[in-house]
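K.L.:
Chain by chain, the residues run as shown.
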Amino acid sequence: MQHGFANAMRRARVLGLAGLLLGALPLSAQTLAPAPASPATREVVDEAGRTVRVPLLPSRIVSLAPSLTETLYALGVQDRLVGDTDYCDFPPDAQKKQKVGGIINPNLEEIAALHPDLVLVTKEINRLETVRALDALGIPAYATHSRNIDDILSTTQKLADLLGVTETGKSLTADLRARLAALHARLELLPPSRVLFVVWTRPLISVGKNTFIADALRKADAASIVDATQDWPQMNLEEVVRLQPDYLVFTASHAESASRDFESLAVLPGWKLLDAVRNRRFAVISDAVNRPAPRIVSAIEELARQLHPAAFQERPVPEEPAVPAPVQANPPAAAPAHIAFNAQPFGEELACAR
Amino acid sequence: MSSALRHPLPGDTSRATTDVRLSVEQVSYAYAPNPSQAPLFTLEAMSFQAKPGELVAILGPNASGKSTLLKLISGALHPLSGRIFLNGFETHSLPVKTRAQRIALVQQESRLLFPSHAWEFVMQGRHAYGGGLRFESQEDILIAKNALAQVGAAELADRWMDKISGGEKQRIILARALAQQPLLLLLDEPTLHLDIGAQVDLLESLRRLAAQNRYTVVVVTHELNLAGEYADQVVLLQRGKCLRVGPPATVLQREILEQVFQAPLSVEMTPSGRPRVTLFSNK
Amino acid sequence: MRPLTLTRLLIRCGILALILFAVVVVAMKLGAVQVSLYGLGKDLLSVLLHRTTNLSSDYGMIVLGIRLPRILLAVFVGASLSVAGVSFQALLRNPLADPYVLGISSGAALGAIVALIVEARLDLTPEMAGLITPVGAFLGAALTIAAVYVLGRRDGQIDSTTLLLGGIITASFLQAVIMFLMTTLSGNNLRGSAFWFMGDLSTPQPRSLLYFLSFGFILAAGAIYTTASDLNLLLAGEKEAMHLGVDVPRVRIVVYIAASILTGLAVSVSGTIGYVGLLVPHVMRLIFGSDHRMLIPASALGGAIALVIADTLARTVTSPTDLPVGAMTALAGAPLFIYLLRRRMA
Chain A
1 MQHGFANAMR RARVLGLAGL LLGALPLSAQ TLAPAPASPA TREVVDEAGR
51 TVRVPLLPSR IVSLAPSLTE TLYALGVQDR LVGDTDYCDF PPDAQKKQKV
101 GGIINPNLEE IAALHPDLVL VTKEINRLET VRALDALGIP AYATHSRNID
151 DILSTTQKLA DLLGVTETGK SLTADLRARL AALHARLELL PPSRVLFVVW
201 TRPLISVGKN TFIADALRKA DAASIVDATQ DWPQMNLEEV VRLQPDYLVF
251 TASHAESASR DFESLAVLPG WKLLDAVRNR RFAVISDAVN RPAPRIVSAI
301 EELARQLHPA AFQERPVPEE PAVPAPVQAN PPAAAPAHIA FNAQPFGEEL
351 ACAR
Chain B
1 MSSALRHPLP GDTSRATTDV RLSVEQVSYA YAPNPSQAPL FTLEAMSFQA
51 KPGELVAILG PNASGKSTLL KLISGALHPL SGRIFLNGFE THSLPVKTRA
101 QRIALVQQES RLLFPSHAWE FVMQGRHAYG GGLRFESQED ILIAKNALAQ
151 VGAAELADRW MDKISGGEKQ RIILARALAQ QPLLLLLDEP TLHLDIGAQV
201 DLLESLRRLA AQNRYTVVVV THELNLAGEY ADQVVLLQRG KCLRVGPPAT
251 VLQREILEQV FQAPLSVEMT PSGRPRVTLF SNK
Chain C
1 MRPLTLTRLL IRCGILALIL FAVVVVAMKL GAVQVSLYGL GKDLLSVLLH
51 RTTNLSSDYG MIVLGIRLPR ILLAVFVGAS LSVAGVSFQA LLRNPLADPY
101 VLGISSGAAL GAIVALIVEA RLDLTPEMAG LITPVGAFLG AALTIAAVYV
151 LGRRDGQIDS TTLLLGGIIT ASFLQAVIMF LMTTLSGNNL RGSAFWFMGD
201 LSTPQPRSLL YFLSFGFILA AGAIYTTASD LNLLLAGEKE AMHLGVDVPR
251 VRIVVYIAAS ILTGLAVSVS GTIGYVGLLV PHVMRLIFGS DHRMLIPASA
301 LGGAIALVIA DTLARTVTSP TDLPVGAMTA LAGAPLFIYL LRRRMA
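Residue numbers (our numbering), protein chains in the order written: chain A, 1 to 354; chain B, 1 to 283; chain C, 1 to 346.
No lab work stands behind these hints: they were computed from the structure. Please note that a few of the clues may not be correct.
[What the hints assert, rightly or not] Quick list of simulated restraints, FRET-style, between CB atoms: (1) C:L48 <-> B:L94: 53 to 61 Å; (2) A:P269 <-> C:Y339: 35 to 43 Å; (3) A:V45 <-> C:K29: 35 to 43 Å; (4) C:R153 <-> B:S272: 31 to 39 Å; (5) A:H115 <-> C:A176: 48 to 56 Å; (6) A:Q95 <-> C:F180: 20 to 28 Å; (7) B:N146 <-> C:I287: 30 to 38 Å; (8) C:G14 <-> B:L194: 44 to 52 Å.
[Said to hold, decoys possible] For lysine-lysine, the following DSS-like pairs were computed, each having C-alpha atoms within a straight-line distance of at most 30 Å: (9) A:K272 <-> C:K29; (10) A:K158 <-> A:K209; (11) C:K239 <-> B:K71; (12) A:K209 <-> C:K239; (13) B:K97 <-> C:K29.
Where is the CB? At the ideal position from N, CA and C, for every residue including glycine.
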């Protein structure tokens with residue numbers, strides 16, 4: 001008995017010492033940032049309906065979603081971004097920020113060590129447990145929720161308001177809206193292209209009609225043939241063949257891998273039955289379409305250019321619809337679709353932010 | 001010594017009834033769980049022979065090597081030295097199927113995983129007589145029925161194995177061994193879970209079968225009186241050593257038995273010339 | 001006393017084959033696309049007789065090009081998993097054994113994930129790119145088979161208990177590696193692989209692969225069937241089996257390798273579909289008894305029937321979307337398992 005107790009005490013002491021040493025390491029590895037100068041706060045209601053007390057001017061922001069990181073850069077507040085996730089890769093500068101882990105499993109200690117005064121999360125891909133844990137640590141967490149393109153724009157504006165750059169936000173969203181309107185004008189009279197948006201091929205997974213991706217497709221005058229309410233439905237190939245989409249839409253970070261994917265599909269027995277596969281009618285857009293951020297508008301434009309090339313002439317957008325020729329549902333079958341994929345970064349809208 | 005024994009050629013059956021069928025020659029064995037360690041248990045070199053129609057009892061206390069000796073005879077183990085011949089063939093070198101046609105082993109049954117009928121069980125004894133994918137022939141069915149009849153279990157044929165008594169199960173297991181139509185019938189402590197009446201029944205049957213079908217029967221047991229009453233030959237083992245081989249009257253004698261079994265006893269001869277052992281209490 | 005005869009075996013298998021045929025015909029009729037069987041029958045006939053290459057019925061192409069290959073894949077996978085299940089239950093002397101208990105499915109899954117990760121970096125022709133996942137999965141399965149074999153030996157031979165333990169440990173280890181790798185996969189890859197682990201028959205496979213699968217099935221299942229009588233005895237007890245004339249080490253190796261190959265092939269093309277390999281043998285045992293000469297072909301046919309039904313449900317219940325077929329087998333399988341368990345208790 002005596003031995004047992006003495007041993008336990010010794011063990012506890014060793015563990016305690018080890019714990020102190022280990023605990024001190026991350027702190028000593030970081031330069032301790034000064035606490036926020038202004039304790040002034042206000043209450044806001046975030047897009048998940050939660051009431052959060054946030055600083056008037058958040059200056060140390062951690063983003064837990066790639067789309068939010070992109071939006072922050074688009075709003076020009078990247079200097080106030082002190083940490084983001086491993087998956088925040090756009091723009092390239094975001095990769096240099098301090099990483100705090102994954103999206104569903106961020107490292108709370110890393111976040112806390114950065115002394116943020118605001119953490120941004122999305123309702124779609126982040127977890128409620130993360131938000132609760134941040135609440136328990138006393139770190140304010142603001143959640144966004146974007147179900148469609150309009151939501152994305154209004155979220156961008158709300159974030160701008162939250163971060164004290166309202167005017168920047170207004171000009172950014174105005175510009176985005178103008179581009180969408182211009183696009184709409186070009187495409188208005190054209191019947192929508194029927195497309196299948198391919199998330200994954202083995203098995204075949206597409207997007208549901210209530211996702212923002214489906215809305216993005218609609219803005220590019222493309223109608224997804226998938227009528228499911230699930231977000232990521234697994235599609236029956238027979239049904240796809242029966243519906244015969246005009247185009248298959250892929251996302252890729254490189255054009256080569258996309259066309260490789262496509263070629264490997266084209267040799268499979270079932271897929272060959274699709275006219276779109278036989279006539280090589282596929283469109284490739286950047287994976288910006290997967291993120292509810294301002295850059296999605298570029299992806300929409302890109303998609304529109306590939307699906308409806310006739311609508312895009314050299315001259316600027318006129319007041320009346322620009323397509324004079326007989327309206328064709330698809331380009332003639334003889335001419336394979338041109339993969340209008342440019343490898344340049346989609347950075348046009350950043351110019352406005354400066 | 002070995003050169004004096006004759007090894008009949010395979011087709012030579014004319015002198016089968018008087019020839020030696022089973023010949024154990026200077027057989028020893030050592031068991032080591034780890035090849036680099038010294039052996040844990042050894043069976044020292046020993047020899048004996050048995051003829052067709054004979055019933056041999058291997059007798060001894062626990063851990064005397066009885067089961068090891070039986071496994072060596074059955075071909076499951078390879079002797080460290082010496083050889084074992086069955087009708088001139090070394091048992092260990094026979095292919096598995098041929099061995100199963102010549103030697104049948106009756107031992108305590110493993111747990112049955114999936115239920116089966118008694119007749120299915122007995123039919124397993126015919127496996128050694130078929131090719132890769134065989135279906136039982138009429139002949140096989142007859143032999144199996146016959147085997148059941150010989151052990152007095154004909155009416156049990158359609159019963160489920162897990163629904164019959166221990167003694168009945170023992171008979172079915174014996175019937176399966178008989179269905180193999182062996183030359184050599186080996187039994188490992190068959191009387192362990194049987195009551196006295198059943199024990200006597202079993203040994204009677206074995207003696208009868210040995211005579212009828214010209215089997216050589218080898219029974220491992222520690223029951224002194226059963227060995228004394230029914231065996232034609234007794235092999236007495238103690239701690240891996242063979243102490244004595246011979247007819248029961250010469251092996252079951254008081255001094256040597258007291259030394260082996262460490263218990264006071266007395267031996268009498270019955271009118272039929274068989275020894276009967278009586279145990280006393282220690283005090 | 002009624003031993004199994006060849007005639008009885010053929011009659012029973014014939015009945016099962018008829019049931020399978022009927023199920024296949026119904027499965028061809030059902031689906032996202034409505035099909036008239038009469039029109040389809042005419043089409044099939046004309047294709048068989050090489051009279052035409054164009055099919056008269058509107059959706060005949062869909063049915064022949066997509067639905068029929070999928071049904072045939074279900075037949076192959078169902079038969080393979082069931083025969084593997086029967087074999088492992090005999091080999092391991094354990095009624096709870098299924099084809100995945102020795103870690104083969106985890107090895108295949110790991111191989112598939114590695115193939116996914118590697119594919120992006122390699123420059124492959126389209127045909128190769130289509131094959132890389134099944135090939136990777138099969139390689140993973142093969143390596144696992146070898147590793148578990150080495151682990152499962154005792155005194156140089158396969159030992160049932162050691163094999164089972166070795167397999168379970170290997171499966172756990174591989175699962176851990178898989179989980180670790182999955183954290184490195186990005187969103188889309190992750191979603192795709194999750195569906196794969198639930199079992200999926202919806203991906204059309206290259207024709208060459210299908211021929212290879214059938215060939216492999218015939219070889220492996222045939223090899224197992226030659227040991228059918230031996231397996232009957234093996235189940236009575238390993239020591240007894242040897243004394244009854246069974247070459248136990250040889251039978252163990254043949255069954256182990258052949259059953260593992262069957263599992264590896266099935267998992268490589270369809271992911272991990274559960275319950276089929278476990279339950280179909282038990283149901284067939286209830287109907288036909290434990291004689292493996294009947295049980296093995298019965299399980300093959302029964303497994304094919306079960307999986308075709310499950311897959312047909314998976315692609316029609318929530319049309320036009322697909323459910324993972326593994327979900328259907330689990331939904332039906334779990335209650336059935338409970339029922340079988342209670343029967344044994346009673």
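K.L.:
Between the alpha carbons of K272 of chain A and K29 of chain C, is the straight-line distance 30 Å or under?
P.N.:
holds, 21 Å
K.L.:
Would you mind confirming whether the straight-line C-alpha gap from K97 of chain B to K29 of chain C stays at or under 30 Å?
P.N.:
Distance of about 52 Å is beyond 30 Å: violated.
K.L.:
Quick one, are K158 of chain A and K209 of chain A close enough, alpha carbons at most 30 Å?
P.N.:
The hint holds at about 25 Å.
K.L.:
Does the beta carbon distance between G14 of chain C and L194 of chain B stay inside 44 to 52 Å, or does it fall outside?
P.N.:
Cβ of G14 of chain C to Cβ of L194 of chain B: about 47 Å, so the range 44 to 52 Å holds.
K.L.:
Between the beta carbons of L48 of chain C and L94 of chain B, is the distance compatible with 53 to 61 Å?
P.N.:
Holds: the Cβ-Cβ distance is about 54 Å, inside 53 to 61 Å.
K.L.:
Range first: 20 to 28 Å. Now tell me if the beta carbons of Q95 of chain A and F180 of chain C are that far apart.
P.N.:
holds, 23 Å
K.L.:
So if I understand the rule, the pair passes when the alpha-carbon distance is 30 Å or less; does K209 of chain A with K239 of chain C pass?
P.N.:
violated, 64 Å
K.L.:
For K239 of chain C and K71 of chain B, compute the direct alpha-carbon distance and say whether it is at most 30 Å.
P.N.:
Judged against 30 Å, a Cα distance of about 11 Å means the pair holds.
K.L.:
Cβ-Cβ distance between R153 of chain C and S272 of chain B: within 31 to 39 Å?
P.N.:
violated, 54 Å
K.L.:
Given the hint of 30 to 38 Å, check if N146 of chain B and I287 of chain C actually sit that far apart at their C-beta atoms.
P.N.:
Hint holds: Cβ distance 31 Å, inside 30 to 38 Å.
K.L.:
35 to 43 Å was suggested as the range; check whether the CB atoms of P269 of chain A and Y339 of chain C agree with it.
P.N.:
holds, 39 Å
K.L.:
Do the beta carbons of V45 of chain A and K29 of chain C sit within 35 to 43 Å of each other?
P.N.:
Given range 35 to 43 Å: violated, Cβ gap about 55 Å.
Taken one by one, the earlier hints fail for this structure at numbers 3, 4, 5, 12, 13, listed in ascending order.
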